[in-house]
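Quick note, the sequences are listed as chains A and B, same order. Position 370 of the first sequence, counted from 1, bears residue number 374 in the numbering used here, the numbering being contiguous throughout. Position 234 of the second sequence, counted from 1, bears residue number 353 in the numbering used here, the numbering being contiguous throughout.
Check each hint, because a few of them may be wrong.
[Said to hold, decoys possible] Simulated pairs of lysine to aspartate or glutamate, EDC-like, Cα-Cα distance not exceeding 20 Å:
#1 A:6 / B:501
#2 A:74 / B:461
#3 A:84 / B:461
#4 B:256 / B:343
#5 A:177 / A:113
#6 B:283 / B:294
#7 A:84 / B:490
#8 A:74 / B:456
#9 A:411 / A:400
#10 A:304 / B:194
#11 B:581 / B:432
#12 A:182 / A:77
#13 A:214 / A:248
#14 A:84 / B:507
#15 B:391 / B:132
#16 B:256 / B:290
#17 B:381 / B:132
#18 B:381 / B:403
#19 A:84 / B:460
#20 A:74 / B:460
#21 B:589 / A:122
#22 B:444 / B:432
[Said to hold, decoys possible] What follows is a set of in silico ranges between Cβ atoms, one per label pair, in the way DEER data are often shown:
#23 A:296 / B:180: 36 to 42 Å
#24 B:439 / A:182: 44 to 50 Å
#25 A:316 / B:233: 48 to 54 Å
#26 B:197 / A:289: 23 to 29 Å
#27 A:423 / B:389: 54 to 60 Å
Please keep in mind that the hints were generated in silico from the structure rather than gathered at the bench. Note that the structure is predicted; figures quoted are calculated from it, not measured. C-beta: ideal position from N, C-alpha, C; glycine also.
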Amino acid sequence: MKFEILASCPTTRARVARMTLNHGPTLLPTFMPVATQAALKGLTPQQTEALGVTLILNNTYHLNLRPGIKILDQAGGAHKFQGWRRNLLTDSGGFQLVSLSQFTQITEEGALFSSPYDGKPTMLTPEESIAIQHSIGADIIMQLDDVVSSLTTGPRVEEAMWRSIRWLDRCIKYHESKGRQDTQELFAIVQGGLDPKLREICVREMINRKENVGGYAVGGLSGGEAKDVFWKMISICAEKLPVDRPRYAMGIGFAEGTKLLDLLVCVALGIDMADCVFPTRTARFGVALTFRGPLNLRLKHHTTSLDTIEEDCPCPTCSSGTSRAILHHLVTVETAGAHALTQHNVVFQARLMGGAREAIFAGTFPAYLRSFFANYFGETGYPKWCVDALRSVGVDLLEGIPPAEVKVVDGQGMKWEYSES
Amino acid sequence: MLSFRPHTNTIPEVFGPRRGLISFVRSESNDCIKLETPGLLVSTSRGVVPHLSRDNLRRTNAIRWINVPFESFLERQPPLPTTLPLQPLLGFDPSRHIVALSLRDPNDLRPIPPNGDGHVSAMCIRGVQRVSPASYKTYVRDSKPDVVFALTDTCLSAPPHSQKRMTKSIDRSFDWLRNLLSNTTGSERSRNIFVNLAGGGSAGARRAFAARLVEPLEPKDLVDLHPLQSLDEGVAGYSSDLASLRASVLLSSHDELSGLIKDSLGSLSNAKARIATGSRSPHECLRMNRDIGFDLFDAQWAVNASHWGVALDFRFPVPSRLRDKESLDVGHNLYSEGYAEDFRSFIHPTEDVISLEESRCRCSACSPSFESDILNHSPSLDLSASHDTTAQPFTRAYLHHLLQTHEMSAHALLMMHNLTVADDFFAGVRSVLEGSPGNFNDEIALFENVYDESMLVMATAKEAWGTVDKERGKGRLAREQQKAAKNDQQPVVQTESTPQ
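For reference, chain A alone in the conformation it holds in the complex (with noise of 0.2 Å):
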């Protein structure tokens, strides 16, 4: 991989990079649409290019249950069986056997899970979820790690931490033993739950691995705890991660609506990856995301709309001239419908992270930071945690606002159209 520095924000730690893999360019920080079963759901590998996307991710969990790896394997990768010809991330199958199996037991060997789909007692071991991944083929692997969820307490904790830095050891071996790693990039996953000096602890064991790693996860982070916590976790890992490896937030962001935030106010901490289904999913249900908040196109209210959902949108929908109005006849009716959305909202995603990149490279960050908070929230309040976050790196949210119209919100931010009976 290349990765160079193209620029830093001079406030904060945010930082403009080119990411060169082995499937092309990417340019960071950026936001990756999840393609979960090797689709982009509704759209074609060239309707997503056409959008803008250069990175996206699929699951290995699913994958590997279907088609599974024989078939990969026949197909010569994922990339050629969807037909995807930009980079791909995998995730390493981890977080899905422990959300969506039915029995999971963690073993210094692996873990121990059983099918979904037959029952049958299977073991991914770091070595098999790397082998997967090396039949898939993505751009960017992920090692297998333990991963618990932000809300446990105890010494299971710390338990997971060092058994992933063990792991973490057994991923790199598996790895370049196949002589993988000059095309495809390992990235490593620090976990620590919410504990400050776990955090650091992993982080620094896994810098001592900076050599064989190709970029750095923070995980752990999606149990649905308290933004204020969450913030700190990846602030603190941002600060001490190397700032010559790309990093990547998992699955940040429990709560569907504050996605968009997560990345932006974590980009200003030092991320420059993060991957998201809340863009692709709400579109599917009408929801239409844009910069002045998002849009619930099931409302009575858009049913007489002419306007597009946003003005100088370049995605195909509203650049065709779609209408609100003919959005809310379709969606959640015909599949067309969800197409249409899902691309403005992919375009949404990216044109935000666009933004970003020109404005840290313009040194305007703070700028951009402050202009969508503004345009997003407007009256609604901007929340607490965004503040806080923000301020830490040198940002102030209520800037030039004047003390009587400062509105601060506690709670996730998360923002929906009502209806307006």
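With chain A held as given, fit chain B onto it using these hints.
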């Protein structure tokens, strides 16, 4: 302004296959759209071709003539296309697409309250709406389609239908056509009206309706409809709705159906365009062409194939290598396990068979290409774009995977492919009519022999689709967990350090 010109050297008496050209000139822009006939028309559902986003629709050259049933828009008053005309509302390309409006979807045979003298019952998501001829006229005026299908009284109740009912049917249909044509100035009056050949399953009624169309108008009507001398003069063509016709007749053999259509067309001009909707199979299209002669067919069978996971794979005329085969499937049920490891594209079995006779399918699934214009969200940062648009065909194995995992992109790919196959099918018909018209009947007989007309593959696929749909729905995981719970599995994550 729509014009249909049959190629005079192919036009038979009244009945028989004909080749022609439909031209549509858009006065505002001078766009001229040409459609070789016999050709394909595509119907929409709620204003979209099912599964196709606008960019995918534009990638599908097979889509030229688009039928839009107005009824889905009745869920709101005023209906949406009256606030913004159909072309911009639905995002079709005025330089490429002819948009035709009907009230109802002719392939929707669901039971519905009957029509009345002053209204047609139409179906929208909020239930049945009654539409008067006057309302329909304003809808037509405001939504500005390129072509309009006049209101028609179709009996959707079970046959047989009494003579009284049939008389009412043709009276109403006549009145509604007259209403559509009346009291409009020359420029307003759409010259592009198609009339459905009313009379259902009654030969007598059908002949009577056709006779009335060409009859000289009553004095009063001559004033209202000036300068028309008969209703037929205001009509650009005739449509036959095979779906409801089949349902109106007790014994719906090809001879019976084509006989009834001939009863209508017999006294009408053979120089006007003929549309057939609701054909059941490509085989039926061929026979209808052979015995009657149509210019546009819809291909609901191609649309259904896309819904149900079938990639159509047939050609007309039958290619050399298949001419001695029998009862081949018209397509591939990609749900079938046999395709799980089949990495060929939808159509061609082997590369070496591609020849002039069997060119590669040019749809976006078999001949995809990446866009050369890709959105760039941070232009200041150099990300040198790839100018190579080459892409590999989608494979049967990948579609099998998408279908089994309930992924929507499967249906988008299949729709683009199947409409293209249908379009190519009609191109094949045209090429035989042009090059060797004397062989047409033999080619049809061969096609009927080689390809399974019952299209069993579609029924099998539909069943598989139903199974996956049920299994993949909401609550699937809960059902699986319940099943596993019966095997005494405990939903817990255990580690060595956790006390058991």
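Okay, the hints, checked on the actual structure:
no., hint, result
1, A:6 / B:501, "holds, 15 Å"
2, A:74 / B:461, "holds, 12 Å"
3, A:84 / B:461, "holds, 14 Å"
4, B:256 / B:343, "holds, 15 Å"
5, A:177 / A:113, "holds, 15 Å"
6, B:283 / B:294, "holds, 16 Å"
7, A:84 / B:490, "holds, 18 Å"
8, A:74 / B:456, "holds, 14 Å"
9, A:411 / A:400, "holds, 13 Å"
10, A:304 / B:194, "holds, 12 Å"
11, B:581 / B:432, "holds, 17 Å"
12, A:182 / A:77, "holds, 15 Å"
13, A:214 / A:248, "holds, 10 Å"
14, A:84 / B:507, "holds, 16 Å"
15, B:391 / B:132, "holds, 13 Å"
16, B:256 / B:290, "holds, 18 Å"
17, B:381 / B:132, "holds, 12 Å"
18, B:381 / B:403, "holds, 16 Å"
19, A:84 / B:460, "holds, 14 Å"
20, A:74 / B:460, "holds, 9 Å"
21, B:589 / A:122, "holds, 17 Å"
22, B:444 / B:432, "holds, 14 Å"
23, A:296 / B:180: 36 to 42 Å, "holds, 38 Å"
24, B:439 / A:182: 44 to 50 Å, "holds, 48 Å"
25, A:316 / B:233: 48 to 54 Å, "holds, 50 Å"
26, B:197 / A:289: 23 to 29 Å, "holds, 28 Å"
27, A:423 / B:389: 54 to 60 Å, "holds, 57 Å"
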